[in-house]
Amino acid sequence: MAKSASPPPVIELRDLHKRFGIGDAEHFAIDGIDLTIQKGEFIAIMGPSGCGKTTLLNVLGLLDNSIEGEYLLNGKPIASLSQRRKAKIRSEEIGFVFQSFNLISRLNVIDNVALPLIYKGMSKLKREKKASKILHDFHLGEREFYMPSQLSGGQMQRVAIARALVNEPSIILADEPTGNLDSHASHIIMEELSDLHQKGNTIIMVTHNPNLTTYASRVITMLDGKVDTDTFRLPLPARESTKKPLGNTTKKKLARKKKDTK
Amino acid sequence: MRFLFLIHLQNARQSIKSNRLRSFLTMVGITIGVASITTIMALSAGANKIVSTQVDALGGNIAVVRPGAPTNDAFSQLAGDHQFAASTLTDIDVASIKDIEHVSAVAPLMVIGGAVSGNSDAPANTPIVATTPELQAVSNIQIADGQFLDPNLIASTAVIGPQLSVNLFGTEHSIGQTIRVKGEPFTIIGVMKRTNSPINYNNVDFDNAVLINLESGRALNQGSSHLQQINVQSDSVTHLTSVITTINKTLLRNHLNEVDFAVLSGTQVAQPTSRIFTAIAGVSVAIAAISLIVGGVGIMNIMLVSVAERTREIGIRKALGASNRDIVAQFLIESLVLSIGGGVAGYLLGYAVAFAISTFLTFDPILNWEVAGVAIGVSLIIGTLFGIYPAIRAARRDPISALRQYE
Ligand SMILES: Nc1ncnc2c1ncn2[C@@H]1O[C@H](COP(=O)(O)OP(=O)(O)O)[C@@H](O)[C@H]1O
Ligand SMILES: [Mg+2]
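If you're matching them up, the sequences are chains A and B in order.
The numbering of the first sequence is our numbering, which starts it at 111 and goes up by one.
The numbering of the second sequence is our numbering, which starts it at 278 and goes up by one.
Honestly, the hints are just simulated from the structure, not real lab data.
On a predicted model such as this, the values are computed, not experimentally measured, just so you know.
Since no wrong hints were added, every one of them can be taken at face value.
Residues of chain B clear of chain A, computed beta-carbon distances all greater than 10 Å: (1) V305; (2) T330; (3) D376; (4) Q454; (5) D512; (6) N578; (7) V621.
Derived pair list, reagent style DSS-like, types lysine-lysine, alpha-carbon separation capped at 27 Å: (8) A:K149 x A:K198; (9) A:K336 x A:K196; (10) A:K198 x A:K236; (11) B:K294 x A:K239; (12) A:K236 x A:K196; (13) A:K240 x A:K230; (14) B:K294 x A:K236; (15) B:K294 x A:K234; (16) A:K309 x A:K196.
Note that beta-carbon positions come from the ideal geometry of N, C-alpha and C, so glycine has one too.
Given these sequences and hints, build the entire structure.
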């Protein structure tokens, strides 16, 4: 067996199956997926509701312990990892953004954002400094000591995203991260993700919004627990311009959209 | 790890604060349990201290033989009432101890229950003690008026305590009066000096007692002896150890090798077994045990509720990198905060109660680290014992279904 010099793919799935239920109720939420994801890819996953997108993200994020098939993370089969080791990987390498906000209602904004840092064993002072900084980047600086219930839906999702990014994960798993944000806020978030992508992080995002796939380097559509299409895209020519404030055309587009939804 | 502990502590405080009433009610059981333990230990330490002071004052050459197997377990001693159990000590034992070398005095003590009356009736629990004249020397009994027991005088004579004298005749000067003990008449030949120490190694409140000759005692007890203890004095401190060894050997022979007696000396003698004390101790131990169990079950119940309420939180924490161990620690520390909180409150309450009770007693409770250690130790054990199951249950939650909950 010749070992290649290049690093192994970040994620490699071979004939992955995930079964739910037993007996009559048994069905496959993931029904045979082969997928190789290289470091630094920005993948958008699309597909109808119930096709297994969330389940796939849970598997990729090591939350699911009962899968069939092979899953290699950084070249290592995860079947061989202990629960503790998996927790450590989740803590250090993976950032989750959930479909719903999933903030802990008992904790205020800054404590929620600092949560992943706890399991890294960081001191309180450092945690608060870091959490505070990222909240600032997300324009939530004045909301640090609010409780989640005192925030709007969009703000809650931004807090949740800030939390996923606070431990600087190399892999970000986002399940419809902009599902609850308006277009303006969506683009702010997408630019954050895009920024992270340019820093070399791997991003896997589920979305229903085809517009947002323009940020991705690869678009996968799923159907009934299988990969339906898998398209690599050229890097976005306007990538540089996305860092600038929204241009006039975009603004017009957004305004039109708002009118449409009304 | 160091930080994690502090975080879990903060977290527990926060969660307890957000459920103030619920947490308070949960702690009450532990508080009562630990308070009972603290009270009884503080009082027992106080009582022990007086008795050991007394024993020391007697010169350190006293050994006490008590019926029943020797035990080092303070609580079983506190809870058990030796006085009413059938005694395993016999007159033969007394005789054999007398023959042992270096034994200078032997005083058997037989405590009988029964009515005592003079001009008026004595309280129902007046101790009637049948003994020998040696008791005066062995226990350093001071006579205020008259003389101590003397079997060479007529048999039915008695020496009484000053308080009993006042109760029966309205005066401490009752020499020559006749009292009735279980219906039999006795002439008072002496009144003891006031001691104000109902707690002592003879377990007799001499201020309220009637002392009669052993012979008369047997007569009042259907002719048989029921010895509560035998006090032995050796001729010097240096000989006490060898005397004790010989007593052990002799009695073992008398009792056909059955260890149904205990030879105690020094601090071992200082075991408070007065009746009030035994009663308080028994009740406290029972209350403590029951409330600790109830408190523990309460903690377990609240923690299970808390785990159920926070299922989603557990899922989130796991997704963000918490290991099973982190989740166990989080919930275990929360239950420990509850139990130790209850324990600290119980410790303080226990001392308050001990001081309140001591105003009716002749000694003060003692503050020491031992009591604090037991209070905290018991709380720790209860918190761990009843908190570990909910914590493990929390950690075993599958993160995916935890996250799907209420979606
Ligand atoms: N914990 C579970 N138990 C049983 N069935 C599940 C569970 N999670 C997901 N499913 C099922 O698996 C399929 C895929 O679900 P999901 O991954 O959430 O879809 P998507 O995110 O694409 O909408 C659905 O049919 C769903 O009902
Ligand atoms: Mg989904």
